[in-house]
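Given the sequences, and given the hints that come with them, work out the whole structure.
According to my numbering, the sequence shown is numbered sequentially starting from 1.
These are computed hints drawn from the structure, not numbers from a lab.
You may find that some hints are simply not true.
[As the list claims (entries may be wrong)] Estimated spans, in silico, between C-beta atoms of each pair: (1) D81 x E108: 20 to 28 angstroms; (2) S103 x L58: 18 to 26 angstroms; (3) A26 x T125: 19 to 27 angstroms; (4) A26 x S103: 21 to 29 angstroms; (5) V28 x K5: 33 to 41 angstroms; (6) Q19 x K46: 15 to 23 angstroms.
Here a beta-carbon is modelled for each residue, glycine too, at the ideal position from N, C-alpha and C.
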Amino acid sequence: MRPFKVDDSLPVIQKRITQDMIDAWADVSGDHNPLHTDPEYAKTTKFGGTIAHGHIALGFLCEMMIKACGESWWHGGMLQDVHFTAPVKPETTIETRGKVTSSETSDESVTYQCDISINETTSGTPCVLGQATFCLSSSN
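Shown next as structure tokens:
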């Protein structure tokens, strides 16, 4: 794995969110909140329709981090201070973004801090904001 520098961008992951994807997550997670799975009910809420579970978006952030730093993410990578700032609706395309903001070197490893986000691609509206931390061996 290559070392990163401050201001390096992380890989972009684009995903189209569908109601089928949301329903599948509801089945896997057991979270059948009608806000996510019942379009008629969800129309009566402030969102005006169903929205994706937050964990779907978190999965895409993890996918970005695995693509960026490989197995190092599995060995102690962390999402931190994650905030859901806007709903993710079906038939929306979202895009992960990340940027290295700092690094700290020790004899054994380099620890990186990153700002991360998921944005709705049409409007550019941030849906999720947060930070991530991961370590790479100094021998890389």
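Problem - Broken hints, by number - result: When the structure is compared with the hints, only number 4 turns out to be violated.
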